[in-house]
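Asks: Please construct the entire structure, taking both the sequences and the accompanying hints into account.
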Amino acid sequence: MLRILLVDDEPLELQALRDHVDWERLGIGQVDTAKNGRTAYERILEREPDIVITDVHMPVMDGITLARRIRELNQRIKVIFLSGYDDFSYVQSALQMGAFDYLLKPFTAADIENVILKVKEALNRDQLFSHSLEALEQQLLERLCLETDAHQAVLLEELSRTRKLSSGADQYGCLIFFGVSGKSLVDHLLKNMASIHAAWMDGNRLGIILRGYADPHASGARIQELLSKLTGFPYSGAYIDRRFLKDTQLHSSWQALKETEDSVFYLPAGSLIGVSLSMEEAADPSSPALPFYPPPGISFRACSGQPAGGGARLSGAAFSL
1 MLRILLVDDE
11 PLELQALRDH
21 VDWERLGIGQ
31 VDTAKNGRTA
41 YERILEREPD
51 IVITDVHMPV
61 MDGITLARRI
71 RELNQRIKVI
81 FLSGYDDFSY
91 VQSALQMGAF
101 DYLLKPFTAA
111 DIENVILKVK
121 EALNRDQLFS
131 HSLEALEQQL
141 LERLCLETDA
151 HQAVLLEELS
161 RTRKLSSGAD
171 QYGCLIFFGV
181 SGKSLVDHLL
191 KNMASIHAAW
201 MDGNRLGIIL
211 RGYADPHASG
221 ARIQELLSKL
231 TGFPYSGAYI
241 DRRFLKDTQL
251 HSSWQALKET
261 EDSVFYLPAG
271 SLIGVSLSME
281 EAADPSSPAL
291 PFYPPPGISF
301 RACSGQPAGG
311 GARLSGAAFS
321 L
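At the far end of the sequence shown sits residue 321, using full-length UniProt numbering, and the numbering has no gaps.
These aren't lab readings, by the way, just hints derived from the structure by calculation. Note that the Cβ used here is the ideal one computed from N, Cα and C, for glycine as well. Please note that the accuracy of each hint is not assured.
Result set (DSSO-like, lysine-lysine): computed pairs, CA atoms no more than 30 Å apart in a straight line [to be verified]:
#	residue 1	residue 2
1	Lys120	Lys164
2	Lys164	Lys246
3	Lys258	Lys191
4	Lys105	Lys118
Distance ranges between label pairs, derived from CB positions [unchecked claim]:
#	residue 1	residue 2	range
5	Glu134	Arg69	33 to 39 Å
6	Asp126	Phe265	44 to 50 Å
7	Val154	Glu113	22 to 28 Å
Replies: See the structure below:
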């Protein structure tokens, strides 16, 4: 069900708009109201409506200003203007602010229903387009991790173009889990964890790219929990202990995580370790490092050891059983 916000400074007109349309029949499950643009904007921040129907002329903040701020906030919200002025200059301003449509007063319930049906069709198209972009971005993130250095520049450019269309984030987290099998597990994780941006299988390794806001250790523990519930087995893994990775760091991050496989093999099942990138691998060393969390049942002492052959380091601990 969709959410709609109705905005008008005239109480009687606002009440009529709210009560004289069968919103539920139109697929609208939540109907909120506001008496001016400023209050409406506050409602939008709180409720995230799909549709806003707003009068043009209001005190405090008019409909044109409100539409401009909505466009800056979320271009997916569809704005419909109401105006009692049969004047093209107002209509033109509305369209310039990205209005989906407009209605001239007086209008009927049938007029509202017709425009809502058009909005629903547009929202469905937007959703299909958004899903296509998200699938493409997931594929590019996977390829960025897995493919050779020779392809990185092309993939980064394509990812940048895709993000501009989808308004996607450009910061990530990166994790790996070992001994995992089954594409169905990937699908389950993508469906049940909104913080997962992309997931894939690389042999018996499960790769995960997190959205930038997600804490890698907490997310890793949650992924372990979900995998264990699905299969009955505890899975060990590792995560990059640097938050807000850039896309240019993903390939080196994935390579660093793969290098931990032998180390993790000697730890108890269900271990989750943090990994630091070397300065050469960290394209953005200013991003904050996350604390190290030792696996359950493991004692450790502070050190700065690095595996033979260079590359990534286990973050700040040496293990003893």
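Asks: All the hints need checking, so say for each whether the structure fits it.
Replies: Hint check:
| no. | hint | result |
| --- | --- | --- |
| 1 | Lys120 - Lys164 | 24 Å, holds |
| 2 | Lys164 - Lys246 | 15 Å, holds |
| 3 | Lys258 - Lys191 | 25 Å, holds |
| 4 | Lys105 - Lys118 | 19 Å, holds |
| 5 | Glu134 - Arg69: 33 to 39 Å | 26 Å, violated |
| 6 | Asp126 - Phe265: 44 to 50 Å | 46 Å, holds |
| 7 | Val154 - Glu113: 22 to 28 Å | 48 Å, violated |
Violated hints, in rising order: 5, 7; the structure is consistent with all others.
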